[in-house]
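Visitor: Here is how the chains run, residue by residue.
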Amino acid sequence: MTDVVIETNALTKRYGRVLAVDRLSLQVPRGHVFGLLGPNGAGKTTVMGMLLGLVRPTSGSFSLLGTNGTGRDALRRIGAIVETPAFYPYLSGRRNLAYFQGVMGRNDPRELDRLLELVGLAGRANDAFQTYSLGMKQRLGLAYALLGDPELLLLDEPTNGMDPAGMAEVRDLIRDLGSEGHTILLSSHLLNEVEQVCDSVAIIAKGRLVVQGNVADLLRPQEQVRLRTTDDAKALTILTAADEIEAARAEDDALVVTIAHERSSELTALLSKSEVYVTEIAPLQVSLEQYFLDVTGENGERSE
Amino acid sequence: MFQMIGEVLTLTRWEWFKLRRRRVPWILLAVSVLLLQIAYWVAYAVSRIGEDVTFGAGGRVSVGGDFHEVLAFPNSAGIGLAFSHGFSAILIMILAVSLTGSEYGWGTVRTVLARGAGRWQLLASKLILVSILGAAALIAGTLALAISSLVASLTVESSDWIAASARWGEFARIFGKTVYGLLPYVVLAVFFAVVTTSSGAAIGLGLGYVLAENIVVGILSSFEWFERASGFILGQAVEVWLESADQMSLDAVSAGQPDALQGFLVSLAYIVVLSGLAFWIFQRRDIAGAKGE
Numbered sequence: 003m004t005d006v007v008i009e010t011n012a013l014t015k016r017y018g019r020v021l022a023v024d025r026l027s028l029q030v031p032r033g034h035v036f037g038l039l040g041p042n043g044a045g046k047t048t049v050m051g052m053l054l055g056l057v058r059p060t061s062g063s064f065s066l067l068g069t070n071g072t073g074r075d076a077l078r079r080i081g082a083i084v085e086t087p088a089f090y091p092y093l094s095g096r097r098n099l100a101y102f103q104g105v106m107g108r109n110d111p112r113e114l115d116r117l118l119e120l121v122g123l124a125g126r127a128n129d130a131f132q133t134y135s136l137g138m139k140q141r142l143g144l145a146y147a148l149l150g151d152p153e154l155l156l157l158d159e160p161t162n163g164m165d166p167a168g169m170a171e172v173r174d175l176i177r178d179l180g181s182e183g184h185t186i187l188l189s190s191h192l193l194n195e196v197e198q199v200c201d202s203v204a205i206i207a208k209g210r211l212v213v214q215g216n217v218a219d220l221l222r223p224q225e226q227v228r229l230r231t232t233d234d235a236k237a238l239t240i241l242t243a244a245d246e247i248e249a250a251r252a253e254d255d256a257l258v259v260t261i262a263h264e265r266s267s268e269l270t271a272l273l274s275k276s277e278v279y280v281t282e283i284a285p286l287q288v289s290l291e292q293y294f295l296d297v298t299g300e301n302g303e304r305s306e
Numbered sequence: 570m571f572q573m574i575g576e577v578l579t580l581t582r583w584e585w586f587k588l589r590r591r592r593v594p595w596i597l598l599a600v601s602v603l604l605l606q607i608a609y610w611v612a613y614a615v616s617r618i619g620e621d622v623t624f625g626a627g628g629r630v631s632v633g634g635d636f637h638e639v640l641a642f643p644n645s646a647g648i649g650l651a652f653s654h655g656f657s658a659i660l661i662m663i664l665a666v667s668l669t670g671s672e673y674g675w676g677t678v679r680t681v682l683a684r685g686a687g688r689w690q691l692l693a694s695k696l697i698l699v700s701i702l703g704a705a706a707l708i709a710g711t712l713a714l715a716i717s718s719l720v721a722s723l724t725v726e727s728s729d730w731i732a733a734s735a736r737w738g739e740f741a742r743i744f745g746k747t748v749y750g751l752l753p754y755v756v757l758a759v760f761f762a763v764v765t766t767s768s769g770a771a772i773g774l775g776l777g778y779v780l781a782e783n784i785v786v787g788i789l790s791s792f793e794w795f796e797r798a799s800g801f802i803l804g805q806a807v808e809v810w811l812e813s814a815d816q817m818s819l820d821a822v823s824a825g826q827p828d829a830l831q832g833f834l835v836s837l838a839y840i841v842v843l844s845g846l847a848f849w850i851f852q853r854r855d856i857a858g859a860k861g862e
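Same order as they appear, the protein sequences are chains Y and S.
Taking our numbering, I'd label the letters of the first sequence as residues 3 to 306.
Taking our numbering, I'd label the letters of the second sequence as residues 570 to 862.
Among the hints, a few may not be true.
[Claimed, not checked] Some chain Y residues close to chain S (C-beta under 8 Å, calculated; not the full set):
hint, residue
1, Val57
2, Arg78
3, Val84
4, Leu93
5, Tyr101
6, Val105
7, Gly107
Simulated from the structure, these hints should not be mistaken for laboratory data.
All residues carry an ideal CB built from backbone N, CA and C; glycine is no exception.
Could you build all of it, start to finish, from the sequences and the hints given here?
Guide: Right under this line is the structure:
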């Protein structure tokens with residue numbers, strides 16, 4: 003049985019008339035990098051807030067690291083960035099981290115050095131937080147989240163405001179943390195980023211869970227091949243009539259067929275029976291972004 | 570229980586770690602010492618010309634007459650404390666709001682709580698720190714007054730800067746009462762900060778409350794019925810408590826002196842009720858992100 007680190011059961015949050023999170027049930031397995039995706043206002047940050055005990059659920063329940071609700075003991079095993087990292091503007095990056103380390107009842111200057119080095123802030127560690135760029139603030143937020151080597155990381159848009167190089171560094175860092183056994187709940191509007199680092203995802207829209215699962219498993223039914231034949235019109239008729247083919251359409255000068263890549267040989271066999279021969283065939287990679295747009299019905303408004 | 574106390578003390582220590590690096594407490598301390606010095610040197614000037622004026626609520630301290638009696642240390646500190654309560658209350662409110670309300674503006678309350686700091690422990694640590702700093706500011710002001718007494722004594726023939734009739738016990742009593750008199754204002758300020766989740770609004774409400782109270786008391790004091798009711802107004806209750814400072818001891822309070830006892834109890838009621846409400850709201854309310862103040 004898989005060890006579940008985060009489990010929510012019909013978790014609901016209502017702000018007056020607005021239903022921010024609607025009976026959300028999620029399971030995040032231990033050791034997974036888990037993506038939480040959703041369009042603007044989907045409720046991702048509210049979910050994170052509830053898990054961290056910052057927002058009180060209207061109904062439902064959840065368990066974190068095996069304990070019901072947000073116990074303070076559990077929180078000490080969790081590192082988090084929620085929205086834009088907030089720190090004391092007049093304190094340096096190092097002193098901000100020292101403060102939060104102290105709040106956690108620890109005092110380990112070497113850990114501060116290591117984390118500041120890890121997130122690439124060692125050179126600006128003694129500068130006031132208010133002088134940092136958004137990307138640097140995000141880096142400090144990551145260092146804060148990693149204080150105390152937490153088992154579980156909740157990262158809400160961790161690359162927000164970073165330049166491409168910084169984003170790549172953070173992706174690498176997240177992958178490394180995941181491979182070291184940390185469980186990570188990553189909320190991001192950068193679907194490409196999520197696809198690159200996450201093992202599993204949950205897509206929520208209007209506070210409701212749309213779909214949850216392993217990234218590869220979710221995308222597999224969406225796999226498509228693009229082919230050309232000796233008679234595309236006849237081929238399309240054959241393919242649309244065939245039970246084993248989920249979908250087929252003409253697109254530009256070719257046909258696009260929804261079928262698992264490893265089953266593409268069945269296509270050629272099916273068509274050749276009717277004396278239609280495949281002249282060209284290539285797998286089409288369906289991105290998580292395309293999948294996300296399909297399941298949420300979004301058309302371009304994907305940022306949160 | 571000991572673990573909880575330990576957590577509060579740890580948080581208090583780290584609250585001080587960050588607060589001492591802000592300008593606000595040092596500016597407030599400088600203002601506080603400066604005002605005490607002004608009070609002292611005005612009293613000194615008056616004493617030199619032989620006039621008799623009074624300082625503090627209800628005319629508690631007279632500065633006319635012999636330098637030894639009132640302007641030598643520690644008696645001079647009594648003048649300072651008597652004079653200082655009005656502005657000390659405002660300064661301590663600004664400090665309390667600054668320590669609590671700013672956390673909402675910066676969004677750092679969320680960052681702190683997300684790493685496992687307990688809510689009531691965090692609020693308690695802020696209340697404790699502000700109270701300690703209020704007392705520390707009074708001590709700093711007192712020490713500055715001691716130096717002033719030393720300097721002033723050099724201008725007076727045959728005078729020692731320590732009063733021959735030093736009333737140390739009375740000074741300690743006034744000091745304790747003054748600190749206690751600040752506590753309702755600390756709690757009031759923190760309450761406003763928690764309710765408004767804004768340092769600006771909380772300072773406005775705090776100062777507005779003090780001002781409104783003075784106006785209401787000024788207007789209604791001519792009515793006979795108000796005389797009894799006024800004892801339940803915070804400022805009046807604290808004033809009654811402080812007025813008794815140079816007349817009676819805490820023993821006298823426990824012995825049942827009506828005005829002082831009422832002042833003590835009404836102040837205590839404000840402390841308990843306002844801090845209880847502040848803790849309850851802070852414990853239950855959702856914590857939003859930075860408000861960008």
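Visitor: Taking each numbered hint in turn, which are not upheld by the structure, reported in ascending numerical order?
Guide: none
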